[in-house]
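Student: With the sequences and hints as input, model every part of the structure.
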Amino acid sequence: MSLEEFKNRNVGEQSYRMLDLEHTPETGLGKFGQVAKRTVKGELFVGLWVTLREMKNALFGGKMHTIKYPLEKLPISPRYRAIHDMLRLLESGHYRCIGCGLCEKICISDCIKMDTRYDENQRKEVSEYTINFGRCIFCGYCAEVCPELAIVHGGRYETASEQRASFSLFEDMLTPIDALKQQKEFDGFGAVSPNADENIKKTPLAY
Amino acid sequence: MDATVLPEVTSLGVVIKAIIILTIISAIAGFGTYIERKILAFMQRRLGPTHVGPFGLLQIAADGIKLFTQEDIIPQNANKLIFQIAPAITAATAFIALASVPVFPDFIIPEFIPILGGTFVPSIAADINVGILFVLGMMAAGLYGPLLAGMAQANKWGIIGSARTAIQFLSYEVVTGLSILAPIMLVGSLSLVDFNEYQAGEFTEWLIWQQPVAFVLFLIAGFAETNRTPFDLLEHEAEVISGYATEYSGMRWGMFFIGEYANMITVAILASVMFLGGYNDLGFIAGWFIIILKISFFFFLMLWVRASWPHIRPDQLMWLCWKVLMPLALVNILITAIVMMI
Chain D
1 MSLEEFKNRN
11 VGEQSYRMLD
21 LEHTPETGLG
31 KFGQVAKRTV
41 KGELFVGLWV
51 TLREMKNALF
61 GGKMHTIKYP
71 LEKLPISPRY
81 RAIHDMLRLL
91 ESGHYRCIGC
101 GLCEKICISD
111 CIKMDTRYDE
121 NQRKEVSEYT
131 INFGRCIFCG
141 YCAEVCPELA
151 IVHGGRYETA
161 SEQRASFSLF
171 EDMLTPIDAL
181 KQQKEFDGFG
191 AVSPNADENI
201 KKTPLAY
Chain A
1 MDATVLPEVT
11 SLGVVIKAII
21 ILTIISAIAG
31 FGTYIERKIL
41 AFMQRRLGPT
51 HVGPFGLLQI
61 AADGIKLFTQ
71 EDIIPQNANK
81 LIFQIAPAIT
91 AATAFIALAS
101 VPVFPDFIIP
111 EFIPILGGTF
121 VPSIAADINV
131 GILFVLGMMA
141 AGLYGPLLAG
151 MAQANKWGII
161 GSARTAIQFL
171 SYEVVTGLSI
181 LAPIMLVGSL
191 SLVDFNEYQA
201 GEFTEWLIWQ
211 QPVAFVLFLI
221 AGFAETNRTP
231 FDLLEHEAEV
241 ISGYATEYSG
251 MRWGMFFIGE
261 YANMITVAIL
271 ASVMFLGGYN
281 DLGFIAGWFI
291 IILKISFFFF
301 LMLWVRASWP
311 HIRPDQLMWL
321 CWKVLMPLAL
331 VNILITAIVM
341 MI
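Keeping their order, the protein sequence lines are chains D and A.
All the letters of the first sequence, read from the start, carry residue numbers 1 to 207 under my numbering.
All the letters of the second sequence, read from the start, carry residue numbers 1 to 342 under my numbering.
One thing to keep in mind: the hints can contain errors.
[As the list claims (entries may be wrong)] What the simulated footprint calls covered on chain A by chain D, stretch by stretch (three residues with Cβ under 8 Å from a Cβ of chain D suffice, anywhere in the stretch; the number is not a length): (1) 9-17; (2) 191-204.
[Claimed, not checked] Keeping only pairs whose Cα atoms sit at most 25 Å apart, straight-line, the calculated DSS-like set for lysine-lysine is: (3) A:80 to D:37; (4) A:66 to A:80; (5) A:323 to D:68; (6) D:63 to A:38.
[What the hints assert, rightly or not] If we take Cβ atoms under 10 Å as the criterion, some of the chain D residues that face chain A in the derived model are: (7) 34; (8) 40; (9) 44; (10) 49; (11) 50; (12) 54; (13) 57; (14) 58; (15) 59; (16) 63; (17) 64; (18) 68; (19) 169; (20) 173.
Think of the hints as simulated: they come from the structure by calculation, not from any bench.
Heads up, the beta-carbon is just placed ideally off N, CA and C, and yes, glycines get one too.
Tutor: Right under this line is the structure:
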């Protein structure tokens, strides 16, 4: 199943068919007629054929549904909210976070803690940044509120842990500098909409 | 088959035959669980057991280890003696029924084997002249297994399961008996060997062409008697947890399953021998191979039906038995009798 098919939740676009159900017979003769008709009709063999066809498709048509999970994985939606990623600027490789603290402020489960200071160039830099994934409810507010698209949700959904409070540090979530080319933009909450370019208007200069 | 050249059947041969039936059918029953899981999985486009051994074949061994080492729990308020005996009844009656059914071909143990050398091992352990009657009687006696198991375990689901056992097995025993009465009238014998010889020759000689209704009725009743899916009311999980087997664990539970699979094989053998030409050679295909093919087909049919059809309500089961199948069987007997008289 492709991702597009998986994401299509628009009821009515799928090819549904209404079943041709007869009325329940009222009279004894009607009931007898129904039984006799169903006995001769061979509808049961249609059921047998369906399962045999599925077996043929599975064995010889390559339509087996099973995903051998730890060995194979299904693609997840780009909007899926898994463990956070910290992105870098593509040009300079510097991390995007400007230390504004909005994510810490909006976090409803109070799991983001950050500390900032001025560096030698009087730029704000992040000195401490942790997310407590034992508390995080993956609501996505941090990614939505981030003005720089710096904190986003990544694709690491295997979040089993030995400790209830498993913290993640800034460096753990930051894109490794050598993997900068593979860095992907997030499509979920807070991301730039696909038609963002069309929505940009010129700033009116004359009032 | 020329009866005059057959060596004498000794008691040693019969004992060997009994051991062969017991071991091989038990092994096939174990293998049957693997086949069932695989085929059900394929029909639902799953993979089935894959991790233990090549293609998951050693899953049988894993299941066996699990069943043998599982704690054998007997509930506090259960009737301990009956609770312990009940699974043995199911397994024992299933194997006793196999005693008068031709399972494997005759053979003589080679001379070079020390003690047993030269012993003739018959194809039927007990070649009695009322073979079919004995098999049916034993399969009917098998109802005491689930019945006593359900009533002994002090569990509501068990009680419901055993009540369903009583109605289902007793009712369908009638259909089984009546449905094969017509073929018995045609053949004029209760021995399965006579049935086999009656259908010797081309496949047009098969009894299914003369008695199609009896065949279908026997198959339906066979499904009910082996507790297979359209009629698996005894232990349907969605309704009665596990029915009569709710409180069972370990090898006692396993014995119910071995009994069920042995019964499936019995019904498959009966249907092949009585209606589909038995172990006669078909064209260039040898008889021993064609009977394995037929039995495998019926075994596959049971799994296939389980994957395809929903199971039915108890009232529908009774309706089907007493209002449809039994009258049909009676009409079939009447018509057969009239045709034979003319």
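Student: All hints, please: hold or fail.
Tutor: Checked hints:
Evaluation of the coverage hint for the stretch 9-17 of chain A: breached, as 0 residues show C-beta separations to chain D shorter than 8 Å, against a requirement of three. Three residues within the 8 Å Cβ limit are the bar, and the stretch 191-204 of chain A against chain D gives 0, so the coverage statement is violated. Taken as a hint, the residue 80 (chain A) and residue 37 (chain D) pair is broken in the structure, with Cα atoms around 50 Å apart against an allowance of 25 Å. In summary, the hint linking residue 66 (chain A) to residue 80 (chain A) is supported, as the alpha carbons are separated by about 23 Å, within the 25 Å threshold.
Of the pairs offered as hints, the one joining residue 323 (chain A) and residue 68 (chain D) is violated, with about 49 Å between alpha carbons and a cut-off of 25 Å exceeded. Between residue 63 (chain D) and residue 38 (chain A) the alpha-carbon distance is near 16 Å, which keeps this suggested pair within the 25 Å criterion. Because the closest C-beta pair between residue 34 (chain D) and chain A is about 12 Å apart, greater than 10 Å, the hint is violated. Because the beta carbon of residue 40 (chain D) sits about 12 Å from the nearest beta carbon in chain A, more than 10 Å, this interface hint is broken.
The interface hint given for residue 44 (chain D) is met, as the beta carbon of that residue sits about 7 Å from the closest beta carbon of chain A, less than 10 Å. Interface restraint check: residue 49 (chain D) against chain A, minimum CB-CB distance 9 Å, threshold 10 Å, status holds. Hint on residue 50 (chain D) holds. Least Cβ distance to chain A is approximately 7 Å, under the 10 Å limit. Using the Cβ-Cβ criterion of 10 Å, the hint placing residue 54 (chain D) at the interface with chain A is satisfied: the shortest such distance is roughly 6 Å.
Hint on residue 57 (chain D) holds. Least Cβ distance to chain A is approximately 7 Å, under the 10 Å limit. Restraint check, residue 58 (chain D) versus chain A: the minimum CB separation of about 4 Å is within 10 Å; hint holds. Taken as an interface hint, residue 59 (chain D) checks out: its beta carbon lies about 6 Å from the nearest beta carbon of chain A, inside 10 Å. For residue 63 (chain D), the interface hint holds, since its Cβ comes within 10 Å of a Cβ in chain A; the closest pair sits about 6 Å apart.
For residue 64 (chain D), the interface hint holds, the least distance from its beta-carbon to any beta-carbon of chain A being 6 Å, beneath 10 Å. For the restraint placing residue 68 (chain D) at the interface with chain A, the shortest Cβ-Cβ distance is roughly 8 Å, inside the 10 Å limit, so the hint holds. A cut of 10 Å between beta carbons decides the hint on residue 169 (chain D): the least distance to chain A is about 37 Å, and the hint is violated. For residue 173 (chain D), the suggested interface contact is broken, since its CB lies about 34 Å from the closest CB of chain A, more than 10 Å.
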